[in-house]
Structure formats: C-alpha cells, structure tokens
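Protein chains in written order, with my numbering: chain E, 2 to 316; chain A, 69 to 279; chain H, 3 to 562.
Source of the hints: derived by calculation from the structure; they are not laboratory data. Hints may contain errors.
What the hints assert, rightly or not - Chain A stretches covered by chain H per the calculated footprint, using a threshold of three residues with CB under 8 angstroms from any CB of chain H:
{"#": "1", "region": "99–107"}
{"#": "2", "region": "129–140"}
{"#": "3", "region": "166–173"}
{"#": "4", "region": "208–218"}
The beta carbon of each residue, even a glycine, is placed where N, CA and C say it ideally should be.
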Amino acid sequence: MMESMKIRTILILGTIAIALALVSLWMGQQAYTWLPPQASVEAESIDRLFSFLVTLGTFIFLGVVGTLTYSVLFQQAGKYDTSDGPHIEGNLTLEIVWTAIPFVLVVWIAGYSYHIYDQMSILGPMDHVHVKTMGMATAEAATLDTPEMKTHPIEVRARQWVWEFYYPEQNITSTELHLPSNQRVKLVLRSEDVLHGFYVPAFRVKQDIIPGRVIDFEFTPIREGRYRLRDSQYSGTYFAAMQTDVVVESEQAYQQWLIDAAASPPIVAYNRAFDEYNRAHNPISTGWKTVEPAPPPMVNAPANRSTNPPSGQSL
Amino acid sequence: MNPTKIDPSLNSHVESTHISGLHGTVEHTHDEAGNSMFGFIVFLLSESVIFLSFFAGYIVYKTTALDWLPKGFTGLETHEPAINTVVLVSSSFVIYIAERFLHVKNLWGFRAFWLLTMAMGSYFLYGQAVEWRNLPFGFTDGVFGGTFYLLTGFHGLHVMTGVLLQTIMLGRSFIPGNYDKGEFGVAATSLFWHFVDVIWIILFILIYIWQ
Amino acid sequence: MTNLSVETITQIEQPLPGAPDNWKRFFSFSTDHKVIGIQYLVTSFFFFLIGGIFAMIIRGELITPEADLLDRAVYNAMFTMHGTVMLFLWTFPSLVGLSNYLVPLMIGAKDMAFPRLNAAAFWMVPVFGVILMASFFVPGGPSQSGWWAYPPVSLQNPTGNLINGQMLWLLAVAISGVSSIMGAVNFVTTIVRMRSPGMTWFRMPVFVWTVLAAQIIQLFGLPALTAGAVMLLLDLTVGTSFFDPAKGGDPILFQHFFWFYSHPAVYVIILPIFGIFSEIFPVYARKPLFGYKVVAISSLIITGLSGIVWVHHMFASGTPGWMRMVFMATTMLISVPTGIKVFAWVATVWGGKLRLNTPMLFALGGLVMFVFAGITGIMLASVPIDIHVNNTYFVVGHFHYVIYGAVVMGMYAALYHWFPKMTGRMYSEGLGKLHFALTFLGTNLNFFPMHPLGLQGMPRRVASYDPEFAFWNVVASLGAFLLGMSTLPFILNMIGSWVQGEKAPQNPWRAIGLEWLVSSPPTVENFEELPIVISEPYGYGKSEPLVANPDALEVSHESN
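For reference, chain E alone in the conformation it holds in the complex (with noise of 0.2 angstroms):
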C-alpha cells in the first residue's frame, strides 16, 4: 500500500517535473527574441548564456510559485477551522538538498560565464592596473578566429554630449561610427570630462569611458548594419540626447567610406544637446543654470540625420 502510494507520488512529481522542464526550454528559447539583433561574436555567446539562465530561472520560479499557488488553492482553512497545521519544524536531508543544489547550481552559472567572459576577451581597462590579469592568457586562443583590423584602434572620444570618432590613418573624423565587419575591431575609449559608457546593444558590448584614462576595447562586429550606440554611463543633462549610430558594412564599403571621407572636408556636425541648450525650447523650464554642452565638432562625416533627427522631432 505504501510502496504503491510512494510510486504514485514519484510518478506525480515526475511528470510534472518534465512538463516544467520543457516550458522553461521553450522560454529560454523565447529568450533570443526578447534581445536586440546579433551583430558581434559577443552576442552570439552572451546569448546562449541569456538563454540558459532563462530556462533555469523559468524552471525554479515555475516551481516556487506552483508549489505556492497549489497551498493556496487547495490548503487554505475552513471558515470555523481553528486548529493547526502540522508541527513539523524542518527537515534535514530536505534543508541539505535545498541548499546543496543552489551552490552547484551557482558554481555551474558562475563557471559557464567565466568561460563566455574569456572567450569574450573585451579588455577593458585592465591595463590600468598594475597586476597582468589573471584568467585571461588563454584569451588570444580562445577569442574566435576572425581577422584582427589592420589599421591603428579608431579614437572614440567621449565628452558632454558629444560623440566623436578619429581615424588616425586617414586623419578623419566623424560623429558616426564606421566598423568593417568580421574583423576584430579595436577601439581607443577616452573622455574630455565625465564618466560615459559606450554601449552598443546589438553588440552587448558595454564600458565605462574613465577620464584621465585610455581604455582599449575590443568586439568582432558579424552583421551589416546600421546600429545604436549609446551612452550609458550618466553624463548630465543631456546625457539621454548623446547617441549616435554605428555602421558595421563589408570591408569594400568600409575601405570606400574612409576614402570618401577623407576627401571630403570638415564641416559642423550637428549636435542635438548643443541645440536645445541654445533654443531652450521646453514650455516648463525652471532657468536652473546647467553645464553648458561642449560646441558641435568639425567632422569630416556627420551622423546620418534620418537616424538622428533633430530636437522636437522624435528621440
């Protein structure tokens, strides 16, 4: 009788054991829709990695609310019951499963990600500190085998609110960043003045930009096309007005870009934080004195204006 209870219950627990099990793959299927495109190597990985916390996390909320919701449903007291429940004060092989599984659950996430994060190999501003970082020597094998770029790291300089990008070779600037794809791009992070982030969603690539420091970055851009970067470090008062785009394209249009752009001569770039500060266009202003935003750069390739219209037109 026992036995035959104690089967039906492992039965019982099993079966919902799989159905849990196979919602929470769905969801971390789910879970590659809910981000930004893939257009770096990064992504592909950071991904995977989204996709797997999903399906766990899915399976271990599903589970605690469940088991919740059956106790509300089915366990609750009568109108005039009055007693108590069961004085059962713990369980120890059940308190050590519980706490068991958690840790090498963490242990499992944690280690997986430090994989991702090697093979990422982004840098940052490591170099700041003394100490050669440590995990990082099977980077260079691990990091996948595309091309690295040629040409000397492009200059991204950060200030408030502006985004300018120098290309040492060419001698170009521009406020709009250009990226040959599948090659292993190398970037040069600087700000005149605050702390700003450089973030580009569909690269799931982020870091602060330091002043008084030179941050090198590193990503490997897979897909053609026109993406945002923005700045996701906050700058002040026009911090939410400083983006731009990037455009990852083939190493033809890329080399036919800087051509271009080189010829092409410098002119004033228009600058969104520059033009409110200037026009003070908001109906319901206090007159609190801001810091005023740096001029518009003189830049031999201004951003693309259909992508980064004007104040009062979208944004």
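Let chain E serve as the given structure and place chains A and H on it in line with the hints.
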C-alpha cells in the same frame, strides 16, 4: 528583580502608565552602564571603518597616482612626528595608570595622571599644528596633500575630542558621589583614547614610514 | 479571555502625555520605542508619497519618447530625488520604525537600550528631509547627479554657488548616516543585552535576527559611505582633488566607497523584510517556520557575504577582468542563503491551514515577486550578461521588483499584521484586499516592462528615448499611475480604522509571540513584569506555553 517603582497595591493601569510616563526611561531593570559601554564599543568599531576607508583610499592613491608628491616636495620629515608618536602612545599607559588610581579610590592620583594624559594629548596637537604650519603644500595640492591633511586632520579631531572628554571627566571628578553609579565616563574616555592611539600608529606607519 | 476588561480600562484612561491613546505624544520628544516607531512609520510614509509623486512625474515624461514634459535638468533632478527620498527617507526609516516598534516587544524588553538616543535619531529624519526638499529652492536646483552622486558629474557646479543642490544633498545624506549609526548602535545593544529571561538566541523570532543582521551591516558599511561622502564634499566645496580626474583624482575610488555601503544597504532593507515573511507565514499557515535555526543563521551569512560583493555594480566600470570574475563568484554565492530562506517559506506554507487575509496576501505576493527578482539578480551577477544590461532598464526593473515587489509589499504586510497591536483597532479587510489587488497589479504593470526594455538596450536615467521603446514605456507609465492610486485605499484604511475601527483584542490572529501576550496597544513600558520565555518561537501545532508568567506581564490582568 523588578525595582518596583510603584506601590503594588496601585494595580490600576492608569497609575502605572502615569508614573512610567513621568520617569521616562530611567528606571529600567537593566545594567545601564554595561549597556552604555557595550554600545560605545560597537560605536568605536563602526567609527574605525571610517579610518579604514581613508587608509584604503590612501593606499590606492599611493600605489596608483601618477604624480604622488606635490612638485618640489621630496618627502615628509619623520623626526618630529616620531617624538609626537612616542608622546601619544605613552599617554595610553599614563591614562591606564590614572584609571587604576580611580579604581582604588585614590582620587588625587587619578587626577594627576589624568591631567598628565591631557597634557600629552595637547602636546601632540601642538606638534601637529607646528608640522602643518611648516609644510610647503596645502589641502588642495593634489591627492597627496588631500589625503595627508584628511587623515591627520580627522585623527587630530579625534585627539581634540579625547582631550575635551578628558576635561569633562576631570571636572566631573570634583562632583561628590560622581562615581557612586560606576565609572562609565572615565572608562569610555580611556577606551576612546586607546582607540585614537591605535589609529595613530597605523597612520604613522602608512604616512611617515611607508614613503 | 480578559480582553474586554483591558479595553474598558484603556477607555477610561486619562490622556496623559505618554498614554497610548494620546495623539499629541507623536509630536513630542517621546522616548517610548513604540511612539518613536510610529513616528518613523508615519514620517517615512509621508516621504514615500513625495517620492511616489516624483516617480509619477518621471513616468509622465517617459510616456512619450520625446523629452517634452519637463526640462531635462528637472527630469534629472526628479530621478535623483526619487531615488534619494525612497531610500533615505522611506525604506530605511520605515524599517527602522517597524524594528523600533517590534524588537523590544519581541525580545521582552521594556524599551530600547538607549531611549533618548533613539528619539534623537528619529528627529534627525525630518531635519534632513527638510534639507533635501529645500534644495529645490537653491540656485541651480537640487542635485542632478543621480542617487549615486558619481563624480565628476556630481562635482560639476554650474552655478558656482557654495550652497548648491549637491552640497545640500551630501549634507542630508550625512545626517541620515549619523541617524542610522545611532539607530544601529541602539538596536545591536538592545538585542544583545536586553533580552528577557529565557530569551536565548535560538528563541528569538527571526524578525529580531534579521534586524540584528541588518544593523550590523549599517555599522560596518555606512562609515565607508561617510568617508566617500566627506571626500566628495571636500572636493565640491574646498577644492581638494580626491575624485576629480582633472586634478589627478580617481573617480572610480568613489564608486568603491559608495557601493561598499550601498550594495549591503540593499540587505539592510531586504533582511527585515525576510524577517516579516518569517513572522507572517507561520501565523497564517498555522505551522512552525520551517528550519527556523537555518533561516536565522542564514541572515548572518548574508550579512557576511554582503560585505564582499559590491563590485558587481561596477562590472562595466573601471574594473579589471580578474576583479569582475571574483565578485561574480561572491555575488552568486549570496543566492545560496537567500534560496534557503525562500524554500523554507514555501515549506512553511505547504500543507498548512492557510488564511488569506491582507497580510498573508501581501506576504505571498511579495515572495513571488522576490523570487522573480532573485532570478534576474543571478542574471545580473553573471558578468557577460551584466555587461549588456548594466545601466539599462533591466537593472531598474530588477531592483524595483526587490524594493517595491518584496520590500514595499512586505512592509504593507507588516503594517496590516501589526496594525491591531499598534493602534488597538482592526483594519478593514475589504479595503485591505482592494489595496493588495491594486498594488500587485500596479507593481507588475509598472516594473515588468522594464525588463524587455533593458534587454533591448534602453539605458536608465534617460529623459528621452528611441521610438522603438515606446510600447513598454506606455505600459510602465500606466502601471505607475495605478500604483500611485493604490495608496489611496491604504491611506483611507489606516486613518479610518485607526479613528473608528473595531477594537482589537490582545491577539486577533492567534499568533505566537511576546508582543501578542500584552494588550493592544501595549502600555508604556510594555511589560509590568519581564516575561520568562520557556519555549522556542513558532510553536504552532502543539500546545506549549511561550512564557512561564503569562498572567504577570500586565497589571490589568491581576485586576481580573
């Protein structure tokens, strides 16, 4: 165990409320001096984290700053500060002797050594002031100037507080029956003084010895 | 039951300054921990409403992609003040208030260890609240650097005035810190030294454990923030160069100081909520707290771990790779003691005899949202994912599920649960359930959309955004307005019930705990004779007395 502040026959709720309302918090059953000492130790532990943070900041700046010392400045003179250190550290022993005197109810012995502690503390402050006056850099001269004055200044503020507390305790020792309820004030001041001393030793090592 | 006679006595009581039914005592420098507790709760709720208005203004701006409602500077001031008010003037003081009210009662003490220090700590709250609000009226407006006050933005002082918004902000935060340290010293001393006879460590309710764990964090964490804030203030006013890169300073060092406190601060907030969950589930499930000792100890483990995780806020900042990896590992470890608690609550509820009244609903709703926040928390701990979603709305969604979903819901659960004890009146269940429904719906509507927004790459703190983000922002804004409305039935319930609610008996929930053995509200010094505790807490399902002297705790009992 419950010091009955009200006549047990007055078992009216109103009366009990009334009386405890008037007397507030004084009439508790617990050991108040013990609580105060415990609380004070907890506070000092917490306070020490401020110093630890400043020390951590100092170490970070010292190991990473590109231009550490102000231009034209080669390093701190350690001779005078070393004398200052000896005076301050010895005062910890002097205050301990004062405490022992109080313990055996020798009030004048206590006052004499207590006053000596105060004199040594004041000498330390004087030495600090002289050093500050002769330094070629100010508070706003780079991170070295900033951290130097921040650390020594914040510590000096504690020494000053210590001397002030000692003055109050000295004055209180003349109140008859001051120690009937225990020696919490003196014990706490003394503990504070040891704390200030220990902080100074770390500070001295960090700033003057590790140059 | 002797309740009836207790009530009659309370009614004929004279309105003395310290008497529990004299409203004037709430405006005095009372040293009664129960008065101070309620002073904290009411004051902080007032600021909760102010912070909520700021939030609704923010959501009003974000209902359209353009920055068209407010000046960008005003928007930035709004989110700065929203964060500051909600943390320093709502969550901290409200939890200190609840702890103030409950801890002495729960451990069988007549008051806190230092009653005058307690009152002084409370009265600092309105003082720094006023200073913070006053910053709206100085030239240049209030601080606009976010509640992190990261330099160099926080050091930019376009007006050039010495008295500026940022300076007042730092002053307010400093006073808040002093108040919190005073409170923390008081709580730790009270819990360690004022427990009644027989109240051993493992007979303390979990709420007391969590308050102890939280206040220890204040003691070691706050001084680090104080150090950073002092240095920032000196940079701003005197012109030192600690954090100013233009003068050789290191802005990243400030981030370390800031997060060394401000991440543990999250545990200062959430730990007492864990305590509330641990108190409420056993009462309304009529079962002992599952694995009491492990739950109690895991609070202290969280305290320990909370001190070594702060860099996870800086994964995309100026931190080297090895540091990111180390702090990823420590951060993930914290989910182990937290998981233990979650599973313990689920096991407590499981197989119980559930009564779904308002406190239980809020606690269950809070638990569900906390589990969700925990899962997104693990995602954020993973460096590669954090690199993508750091400083996006994903983070905002995550911590609002913690702070609103778990903390505010848990706080509401506590307020309903102990309302009869605090006021001597019963609240209205109908309004309470309405309040729960609106809050639960509003919270999810408001904060769920932030997750897809963050995953799509919408940065936090923006006043304008690309039109692709419009849909979820509209949903979030509607949720925010609903959440704003949800406070109305609560306010109505609290005021109405306090004024004319049904009289509450000593123990309306048949709960086990020292606070339920005395009248509602308790008398000024709680216990006429200190309770002698003889059994462990949460003795549901067996009939074992909690104290040896239940009839001696109050004078009024003897008269019956």
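Status of the hints after comparison with the structure:
1. 99–107: holds (count 6)
2. 129–140: holds (count 5)
3. 166–173: violated (count 0)
4. 208–218: holds (count 7)
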